[in-house]
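Undergrad: Going line by line, the protein sequences match chains B and R.
For the first sequence, the numbering used here begins at 1 and goes up steadily by one.
For the second sequence, the numbering used here begins at 1 and goes up steadily by one.
It is worth saying that the hints were derived from the structure and are not from the lab.
Predicted, not measured: the structure shown is a model, and the values here were computed from it.
Among the clues, some could well be false.
[As the list claims (entries may be wrong)] Under 7 Å between C-beta atoms, here's a sample of chain R residues computed to sit facing chain B: (1) Gly172; (2) Leu174; (3) Leu185; (4) Glu199; (5) Ile203; (6) Thr275; (7) Asn321; (8) Trp328; (9) Pro331; (10) Glu333; (11) Thr476; (12) Ser477.
We put the beta carbon where it would ideally sit given N, CA and C, even for glycine.
One-letter residues, chain by chain:
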Amino acid sequence: MSGARLPVTVIGGYLGTGKTTLVNRLLRAADGQKLAVLVNDFGATPIDRDLIVSSNGDTLEISGGCVCCSYGSDLMDTLMTLPVQRPDVERVVLETSGVALPGMVASAVTLLAPYRIDGIVVMVDVETVRTMAEDAYLGDTITRQLSAADLVVANRCDLVDDASLQQTLAWLALQSPSAQILAAIRADIAPDLLLGLRDGALPRLSATLATPGAPDAASLYESLEVDVPEDIDVSDLGRLLSAPGTGVLRAKGILNGVALHVVGRRFEIDVAPAGAKPGRLVVIGLRARLDRRAVEQALQPRLSTSLRSA
Amino acid sequence: MTPSPITIFRARRILTMNPARPEATHVAVREGRILGVGPLEELAGWGTYTLDDRFADKVLMPGFVEGHSHAAEGTFWRYTYLGRFDRMDPEGKVWPGAESIEDVVARLQEAERQLGSPTESLAGWGLDPIYYGDRRVERADFDRVSTTRAVGVMHASGHIFNVNTRALELAGLLRPGVNHPGIPLGPDGLPTGELKGPEAMTIVGAHIGFDREALANDENGLRRFAKLCVRQGVTTATDLANLLPDDAVSMMARVTGEAGFPVRIVSFRRFQALTPEQAVDIAVKLKARSTDRLRLGAIKLFVDGSIQGFSARLRWPGYYNGAPNGLWYTPPEAIAGLYKLALGKGVLVHSHTNGDQATEMALDCLEGALLDQPARDHRFTLQHCQLADAAQFRRMARLGMCANLFPNHHFYWGDQHYETTVGPERAMRMNACATALASGVPLAIHSDAPVTPLGPLFTAWGAVNRLTASGRVLGTSERISVADALRTITLGAAWTLKLDGEVGSIECGKRADFAVLEDDPLEIAPEKLKDVRIWGTVQGGRPFPANGV
Chain B
1 MSGARLPVTV IGGYLGTGKT TLVNRLLRAA DGQKLAVLVN DFGATPIDRD LIVSSNGDTL
61 EISGGCVCCS YGSDLMDTLM TLPVQRPDVE RVVLETSGVA LPGMVASAVT LLAPYRIDGI
121 VVMVDVETVR TMAEDAYLGD TITRQLSAAD LVVANRCDLV DDASLQQTLA WLALQSPSAQ
181 ILAAIRADIA PDLLLGLRDG ALPRLSATLA TPGAPDAASL YESLEVDVPE DIDVSDLGRL
241 LSAPGTGVLR AKGILNGVAL HVVGRRFEID VAPAGAKPGR LVVIGLRARL DRRAVEQALQ
301 PRLSTSLRSA
Chain R
1 MTPSPITIFR ARRILTMNPA RPEATHVAVR EGRILGVGPL EELAGWGTYT LDDRFADKVL
61 MPGFVEGHSH AAEGTFWRYT YLGRFDRMDP EGKVWPGAES IEDVVARLQE AERQLGSPTE
121 SLAGWGLDPI YYGDRRVERA DFDRVSTTRA VGVMHASGHI FNVNTRALEL AGLLRPGVNH
181 PGIPLGPDGL PTGELKGPEA MTIVGAHIGF DREALANDEN GLRRFAKLCV RQGVTTATDL
241 ANLLPDDAVS MMARVTGEAG FPVRIVSFRR FQALTPEQAV DIAVKLKARS TDRLRLGAIK
301 LFVDGSIQGF SARLRWPGYY NGAPNGLWYT PPEAIAGLYK LALGKGVLVH SHTNGDQATE
361 MALDCLEGAL LDQPARDHRF TLQHCQLADA AQFRRMARLG MCANLFPNHH FYWGDQHYET
421 TVGPERAMRM NACATALASG VPLAIHSDAP VTPLGPLFTA WGAVNRLTAS GRVLGTSERI
481 SVADALRTIT LGAAWTLKLD GEVGSIECGK RADFAVLEDD PLEIAPEKLK DVRIWGTVQG
541 GRPFPANGV
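Isolated chain B (complex conformation) (with noise of 0.2 Å):
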C-alpha cells in the first residue's frame, strides 16, 4: 500500500523567502513527471504565465501535464478531491501560507491514506531570517517552522557577505537540528535536491538540539584544508562534496586551473583567479556534523596527501 502512496513535499516559509519562484521553478523542471502543486492562492503565488495551458478557477493545466490547485481554506477538501480528479499525478507539492506551520501541514496530510510525506522544506530569507525570528509577532512562528524542516533552503545568499553568511547557516543547523542546509540564489536548485527527500529513507530524526546555547562560531565549526592531486577530476569532487551528508556547508579550492566552490548543496566550476595557489582545498562544516570520510572519499583513490586538521 505505502508503494503506491502519493509523495507530498511541503515547501514552507515566510513571505518573500522565494517560496513562488521556487514553485515555478519545479514546475518549470518537471521533465514529464506529473506534479500537482497546491498554493494557498494563485495572488500570493503567481505562476508563470508562459506555463499555464488553461485555467479554470481554482486549477491551472501547466504545460507538460502537471496541475497547480489553489486550496484557499480547503487544503484537506483539495488533497481528498486530488486522486479521483487526477489519477495520473505521480507527486504532489504542497505549497503552505506563509504563517502556517509546515510539520503541522504535514501531519495532517499523513491522516489521508493516498499520501506520504515525502519532505519538508523549509525556506528563508539569509538577509532577514535572523531578525525575522526576533521579532515579536512572528519570531516562534519562524523558528517552529525551521524546527519541522527536513531541508532547509538558505535563499537570496547573493544580499550577504561570506562572514554572515557563514553565521546564518550555522544558525540555522542550531534550528533544524536534522536538516540538511541548502545555500541558494534566486531558490535555484536542482528539483532532485527538493524531491525524493525520504524516498527509500528512515524519517528524520526528532529534533534535538545537542547543544543547546549561544552559538559560538569558533566552536561550531570545523574546517579542513587538504592537498588535492593534479589529476582530479574537479567536477565529480564538486559532486561528491556537494551531496547530502556529507556536512560540508562550504569548500573552494584551485584545482586544475579551475576554482571550485561548493555551498550547501550546490557547486560552481568557475575561471580560477590570477596568482591564487592551486591544489589546495578548504573544506568547512558545522563541528562534529562534517563527515570527514565522506570528504576523504571524495578524493579517493588519488588522495596523495595525509587530511589535517585545519
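With chain B held as given, fit chain R onto it using these hints.
TA: Just chain R now, kept in the frame of chain B:
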C-alpha cells in the same frame, strides 16, 4: 396619488435609545419606516392613521442587532442537539440540555430509530463533555448508537468531533500508526474517536453529514436562521464569514427579498485565499448587489484562532497551562495591506482577534495603515477581542476602532478559562466591557451563533452579570449596567456595521424595526435579564410573532 397608509402602534412602553426622547407610548410607521415616536396627539399630525393596539401591553425596543453570528446556526438544527443547556430550535421547541454522556447516547439512539436506510449517517452538535467529569467520550459510546452507520457529533466549541468506529473506518482512520496531535489513541493504538482541529474534522465531516456542501448555500438553513432571529427579537443579523460565491449571493438575495422574510442579513466576505487588492475589489462589487435586507460589501479577516482551542495568539506569559502559543491565520503584511486598501476605498473590515497578541498586531497594522491612508470614520472593528487589556482599549479608542466583545464566553467557558487557558487574573478581565466603554471604544457584544445560542438579551445578561456556568463571577469591575448593555445590542452593534443611521434606535426616519417584549428589561431584576419573554419582532413595519413564524 394617495399617500401610503400610516399605522400607529400603541405600546405599554417604548424604549427608544434616543436620549432626546428616551421613552414613549406610540410609534407611527409608514412605508416600513418610522414617521415618529411620541404621544398620539403629536403623531396624529401626520394624517389619517390606523391605530394598532396589539402591543398595548408589550414593551418595544429597537430591533436587536446581532453583530457577530453565522447563518449556519440555522443549518445546524438539521442535526440532533446534544448540548448541556436547554436550547430553542427555529420552530420554538426547547431541547433540554443533556445531563450525562448516557443521556447524549440515549438521544442519539432515539434519533437513530427515525432513520431509514441502514447506512445513512447520523450527526449531532453542541456536545460539551467538560460538564460530564473527566471521562472522555469514546467511539464505543457511539458504537452503542450504531455500528453500521457513521455517527458523529460536533462539540459546542465547533473545534472537535467525536465519532463512532464506523465513521473512523469510512474516513480511513481506523488503523494503527496515526500520528497527529488532534487525534488521541487508545490503549489498542487506534484512534479513540475524538478528532480535534479543522484538518482532522474535515476528513470525517463528509461521512457524517458535516461536509462543506451541506453547510454552504443552505437555503433552508437561512430560513431557519431567520426564524431564530424573530424568536430572539433580532431584526438585523450578521453572517460574519461567508465566502459568498455567486450562487450563494443569488440565493440569499432571492430568499431575503421574499415578502415574508423577517430579518436584514449583513454578510461579510471572508478574507481567504485572496490578495488585498482582490478582496477590496470583490467587496466593492458585492456592495453594489446590496438590497435593504441583504447588505454586502464588508470584509471579515481572521488574525488568530480560539482561546479554548489554544490557537489564539497570546502575549507573554502565554497560556496558563503552558500550552505553546497559538497560530497566526493571516500574515501581518496581508493584514496591513488589506487595511490600507480598504481604508482608501471605504470598505469596512472586521478582524477576528481572540488573543491579546493578535489584538496588538491588528492595532499595529491599523496604526500604520492610517498613517499612509488617513480615514476619519472607518469603524474597523475587532471581533471577540476577548483578552484586550486597558492599554489596548485606549489605543483602540485613539485609532477609531470598535470592539465587539463576547460575554457569552463567561458563561459557557469562563470556568475553563479561569482554571486552564488563561488563569484567574486574565479570565476576570476577559471581554472587558466596562473598560471598553470607559475608554470611549464603541462597543457591541455578540453570541457568535452557532458557537453559543443567538440571543442578544442573554448576551446582555452575560455582560451585566459575568456569571460562569458554575456560578463564579468573573470580574465584577467589568460588569456594565443594563442600560449600557441594551444600548450595545442595538445602537452599539449598528454603529460597528455603519447602520446606526438606519437602525438601532426608534426615531423619525429610521427603519421600523422593533423587538417586541412581554417584560420590561429595565424593570426586571438584572440577574433575570435573560428571562425577558419575547413576543417577536416588527421588521420594516411588518409584525412577526414568534409563535407564527
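Undergrad: All hints, please: hold or fail.
TA: So, going through the hints one by one against the coordinates:
At its closest, the beta carbon of R:Gly172 sits 4 Å from a beta carbon of chain B; the interface hint therefore holds under the 7 Å criterion. Because the beta carbon of R:Leu174 sits about 11 Å from the nearest beta carbon in chain B, more than 7 Å, this interface hint is broken. Interface hint at R:Leu185: violated, since its Cβ lies 13 Å from the closest Cβ of chain B, which is beyond the 7 Å cut-off. Checking R:Glu199 against chain B: minimum C-beta separation of about 4 Å stays under 7 Å; hint holds.
With a cut of 7 Å, the hint placing R:Ile203 at the interface with chain B holds, because the nearest CB-to-CB distance is about 6 Å. Contact between R:Thr275 and chain B, as hinted, is supported at the beta carbon level, the nearest pair being about 4 Å apart and thus within 7 Å. The interface hint given for R:Asn321 is violated, since its Cβ lies 17 Å from the closest Cβ of chain B, which is over the 7 Å cut-off. Annotation: R:Trp328 was flagged as interfacial toward chain B, and the flag holds, the nearest CB pair being 4 Å apart, inside 7 Å.
Taking 7 Å as the C-beta cut-off, the interface hint given for R:Pro331 holds, the closest approach to chain B being about 5 Å. Contact between R:Glu333 and chain B, as hinted, is supported at the beta carbon level, the nearest pair being about 6 Å apart and thus within 7 Å. The criterion of a C-beta within 7 Å of any C-beta in chain B is not met by R:Thr476, whose closest approach is roughly 33 Å, and the hint is violated. Evaluation of the R:Ser477 hint against chain B yields a violated restraint, the C-beta minimum of about 29 Å exceeding 7 Å.
The structure fails to meet hints 2, 3, 7, 11, 12 from the earlier list, while all remaining hints are met.
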